[in-house]
Amino acid sequence: MLFKDLPLELPLQKAIAESNYKEATPIQAKTIPMVLAGKDIIASAQTGTGKTAAFALPLLQLLMAEQDAPKGGKKVRALILSPTRELAVQIQESFRTYGNYTNLRTCVIFGGTAMDPQVDQLTKGVDVVIATPGRLLDLHKREHINLRYVQHFVVDEADLMLDMGFIDDVQKVARLCPAEKQTLLFSATMPTKVVELAKSILNNPERIEVAAPSSAADKVLQQLYYVSKPKKIELCLHLLRNTVKGTVIIFRRTKNGVMKLEQTLSKNGYLVDSLHGDKSQSGRQTALNRFKNGAVRILIATDVASRGIDIDQLDNVINFDVPNIYETYVHRIGRTGRAGNEGVSYTFCSADEKDYIIGIQKLIKGAIPVQEDHPYPLDKNAKPEVHKKKGSKHKKGRKGAGSKKNKKRWY
Numbered sequence: 003m004l005f006k007d008l009p010l011e012l013p014l015q016k017a018i019a020e021s022n023y024k025e026a027t028p029i030q031a032k033t034i035p036m037v038l039a040g041k042d043i044i045a046s047a048q049t050g051t052g053k054t055a056a057f058a059l060p061l062l063q064l065l066m067a068e069q070d071a072p073k074g075g076k077k078v079r080a081l082i083l084s085p086t087r088e089l090a091v092q093i094q095e096s097f098r099t100y101g102n103y104t105n106l107r108t109c110v111i112f113g114g115t116a117m118d119p120q121v122d123q124l125t126k127g128v129d130v131v132i133a134t135p136g137r138l139l140d141l142h143k144r145e146h147i148n149l150r151y152v153q154h155f156v157v158d159e160a161d162l163m164l165d166m167g168f169i170d171d172v173q174k175v176a177r178l179c180p181a182e183k184q185t186l187l188f189s190a191t192m193p194t195k196v197v198e199l200a201k202s203i204l205n206n207p208e209r210i211e212v213a214a215p216s217s218a219a220d221k222v223l224q225q226l227y228y229v230s231k232p233k234k235i236e237l238c239l240h241l242l243r244n245t246v247k248g249t250v251i252i253f254r255r256t257k258n259g260v261m262k263l264e265q266t267l268s269k270n271g272y273l274v275d276s277l278h279g280d281k282s283q284s285g286r287q288t289a290l291n292r293f294k295n296g297a298v299r300i301l302i303a304t305d306v307a308s309r310g311i312d313i314d315q316l317d318n319v320i321n322f323d324v325p326n327i328y329e330t331y332v333h334r335i336g337r338t339g340r341a342g343n344e345g346v347s348y349t350f351c352s353a354d355e356k357d358y359i360i361g362i363q364k365l366i367k368g369a370i371p372v373q374e375d376h377p378y379p380l381d382k383n384a385k386p387e388v389h390k391k392k393g394s395k396h397k398k399g400r401k402g403a404g405s406k407k408n409k410k411r412w413y
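Numbered by my numbering, the letters in the sequence shown go through residues 3 to 413 in order.
Simulated from the structure, these hints should not be mistaken for laboratory data. Just so you know, not all the hints are guaranteed correct.
Below 27 Å or equal to it, Euclidean Cα-Cα: the simulated DSS-like pairs (lysine-lysine) are [stated by the list, open to error]:
# : residue 1 : residue 2
1 : Lys174    : Lys24
2 : Lys281    : Lys262
3 : Lys143    : Lys126
4 : Lys77     : Lys174
Quick caveat: nothing in here was measured; it's all calculated off a predicted structure.
Make the full structure from the sequences, and use the hints.
Shown next as structure tokens:
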């Protein structure tokens with residue numbers, strides 16, 4: 003569907019045209035009319051599907067209908083909750099771009115930075131607030147923000163909210179807003195606690211799912227390398243020297259793994275940056291900006307730290323560690339091969355990760371092509387490398403999203 007065929011008013015159509023957007027993505031085509039109709043919505047949507055425009059455009063139109071500010075200054079009428087600073091900033095950029103020909107004012111608030119400038123913006127009056135939960139609740143406790151006039155409430159990346167421990171904060175924010183409001187919830191996956199959150203804050207929602215969450219990116223060339231765990235770094239260096247061209251995000255399961263790999267690649271002469279939980283938000287934003295502007299072509303990240311970031315034309319993804327949550331594989335490789343561009347994913351699998359590959363392949367309903375022509379092949383008879391700590395029990399990774407236990411849905 004073309005944007006010009008959607009029921010969006012001239013100021014928004016003009017901003018869309020200037021952004022060189024012509025055809026709406028599936029989630030935009032399905033979501034925009036429902037939001038304009040005032041429906042509550044729960045949507046399965048990954049980063050890169052155009053979901054920000056799917057809620058930003060109709061919300062701007064609804065707010066335009068009541069453009070004249072009430073006496074006493076502008077009131078916060080739309081509230082968007084984001085789990086990370088990086089995503090919050092990106093959402094505000096979208097609101098500013100699409101709202102270029104409106105008089106609506108936006109404000110982004112997040113922790114890890116001075117509060118006074120954010121308070122100043124709120125004092126002057128804003129229509130739309132994009133916020134991370136912790137800083138928003140802090141500002142509310144200090145009576146710097148009033149949520150009694152919120153008409154539209156958006157929870158973005160709800161499953162990441164869960165991963166980062168924000169679900170209780172989201173519920174607190176929802177209770178601070180009026181009971182009569184439109185609520186939109188977007189989540190890449192639907193774990194049980196996100197479903198429970200949706201039930202508690204949504205009113206008879208419309209369900210939107212633009213593609214099966216198990217579908218792998220069509221434009222991604224997937225490659226699987228069986229390699230022993232100690233040889234993964236040698237394989238990584240080999241591919242970076244001889245095979246991988248262009249930009250690459252390397253995913254590791256833990257922040258310690260990220261830092262260790264960053265140090266090793268730096269010693270080998272690579273310009274590299276990283277995203278992980280120990281970095282300050284300003285440090286994470288700097289790393290992301292360096293990657294986007296080409297100062298570095300390699301970014302190493304954990305899944306939690308990288309969720310919500312939007313990077314255009316990413317050429318490669320390396321799964322240094324196989325994710326033990328199967329849907330995570332789909333989200334990782336889906337960061338490349340976007341907007342008609344081709345991408346490549348490289349997955350390193352050691353003996354103790356073979357079960358994860360089996361689960362992933364069941365989820366995506368297909369085999370990942372195995373690359374045997376490399377210098378560090380895994381011995382076919384190799385057994386899982388289990389390292390037990392004294393006095394502790396070895397625990398298996400929890401079941402992925404493809405397991406039978408997690409297939410039940412509430413809708």
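Verification of the supplied hints:
1. Lys174 - Lys24: 39 Å, violated
2. Lys281 - Lys262: 14 Å, holds
3. Lys143 - Lys126: Measuring from Cα to Cα gives roughly 19 Å; hence the hint holds.
4. Lys77 - Lys174: At roughly 20 Å apart (the allowed maximum being 27 Å), Lys174 and Lys77 satisfy the hint.
Hint 1 alone, counting from the list given before, is not met by this structure.
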